[in-house]
Amino acid sequence: MKLYSDREQDFAARSEPIERQSTLLWGLGLGALAGASAYALYAARRDRDGLSYRPADSAPGRSAKQSRFGEYAVVGRTVTIDRPRDDLYRYWRNFKNLSGFMENVKSVEPIEEAKGRFRWMIEGPAGTDVRIETEVVSDKPGEEIAWRSLQTSQIDTKGKVSFRDAPGNRGTEVEALIAYDPPGGELGRWIAKLFQAEPALQGRRDLKRFKMLVETGEIATSANRKSDK
Amino acid sequence: MRALTWQGKHDVRVETVPDPEIVNPRDAIIEVTSTAICGSDLHLYDGVIPGVLSGDILGHEFMGRVVEAGPKSTLKKDQRVVVPFTISCGGCFHCKKQQFSACDNSNPAEKQDLTEMQFGHAVGGLFGYSHLAGGYPGGQAEYVRVPFSDVGPIVIPDGFDDDDVLFLSDILPTGWMAAENADIEEGDTVAVWGCGPVGLFAVQSALKMGAAQVIAIDHYPNRLRLARQMGAKVIDYTQTHVLEALMEMSGGHGPDAVIDAVGMESHGFAPDTMMDNVKQAVGIGADGGHVLREAILACRKGGRVSVPGVYGGFLDKFPLGAMMEKGLQIRTGQTHVQRYTKELLHRIAEGEIDTRFMISHRLPLEQAADGYHNFRFNQNDWTKVVLKPNMQPAAG
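Residue numbers (my numbering), protein chains in the order written: chain A, 1 to 229; chain B, 230 to 625.
Because the hints were derived from the structure by calculation, they are not lab data. Do not take every clue at face value.
[To be verified] So the derived list for chain B, only partly shown, Cβ under 8 Å to chain A, looks like this:
1. 249
2. 254
3. 260
4. 262
5. 323
6. 339
7. 348
On a predicted model such as this, the values are computed, not experimentally measured, just so you know. Glycine is no exception: its CB is placed at the ideal position from the N, C-alpha and C atoms.
Next comes chain A alone, as it looks inside the complex (with noise of 0.2 Å):
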């Protein structure tokens, strides 16, 4: 069985889950990566077992056929941006920008700005939004910026981006990651999917949005009228 990376092994224990107050799941989605399912348990257990153990390959745990991240449905996403990584990091920094280009984040305002706490305001199906707060718990300018919710919050999840310069002067390679405690489990993700809210679909049109943005100075559109936006 394939494991995960040392980056997302970090990530996703880096943290316990704080309790569970939502049965919401609608939010914050940055990246692409279907999750455990009881297979995958079965088979993980199957391969600790030694039935078919191979050394880990180099890609990014997400990718694995199998995997499993504790409590955590880990989705993630690399897009390569032609910008410095200094620029791209700046603008993420600003988390009021964010909702710029995350079509379904309403608003991302400070609560305490200096201790890195924000709140974020999610707009899921059915016109029901949710209330996400969370503060900074690492912050490398230039590389990497990771957050994580509060017990306040109605979803338990948390978030890194990273970025590294791409080879050949190709820019930045920018990537996204983002757990989740699912509430729901696997019906809740499909209900999501269904609405286009699930995080991997959401994170991964986010993502390419953020790219659009700071390329192009606009994020593309086929609709003929603003109001038609």
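Since the structure of chain A is already known, use the hints to place chain B on it.
Only chain B this time, still in chain A's reference frame:
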């Protein structure tokens, strides 16, 4: 405004729809003066391309006058422009490499999922060509919203009629890139399958690039006549064994380069299951594959295969063995229109390239549905239809 809308298979109608407006800063609004029906529009007309919704405005070959420019547009009001069918941001990795049709940033993020799944990567945005290619309202309309108007449109100086320059939007650069992808050397024999507008422009381009002879293959007498008029030798496949004839006409050598300007266009963008259904329903799927197979078999050892024809799914019985054992190269892709517009406009100005011979019919936009019907069902005579929003209907 009035616009040609898709309603279903073989059902297109000119309807009144809301005018477009500037949505993004780099947009411009163009008042259309001429817009053509493309061969690839017929596959929308045939209803075989998924992701086309009732009410979608078709059309991706158009030109006109700038009526409004967004704050980040470089266009000025009243400029005349031709607009490439490919929408390209100009700043992403692909655009910087002049691979404009592969633009990362022009297909809206929420429309990229399906082609990403189907092709491994999302395709760029196109005007009026299904929601897989972005769902952008097309050019067979009185007005069009043109995104990234600082990158795509080419400004046309005074002294050109619309009919001289309209085809810079698609088929002229597409024929040109087809010949460029064939890497033509002096003395080459080049074979072109399909004498539709792209094939005819490929014939013209291949001769310009130094081919000693170009052999065009089709079955419509009038289209073969046009190819001959362009300087090609022709093969009518209904009366001649194509492979044998090509060998004999190239000294037993085989064509140095082959161009498939037919494609499986009626299956563009369709997943394989749908394609199978279409093959059964329409009965032309095998023909599309047939051309590429025949072209590969005809091509000389170490030769080049250029594929401007549109493919969207999977091809049965692809002769990979012939490609490998003969050491062929294949090059294909949606046209990187913006790479060619300036040079081709210059060649038109110099009188090197003729575009008018292609046009068989000019109609008012209001008669667009007739144009579609005839372009689809009377292919021999209706080689190219240009729609003019301001043209008065002919009396009677």
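May I ask which of the numbered hints given earlier this structure violates, with the numbers listed in increasing order? Failing hints, ascending: 3, 4, 5 and 7.
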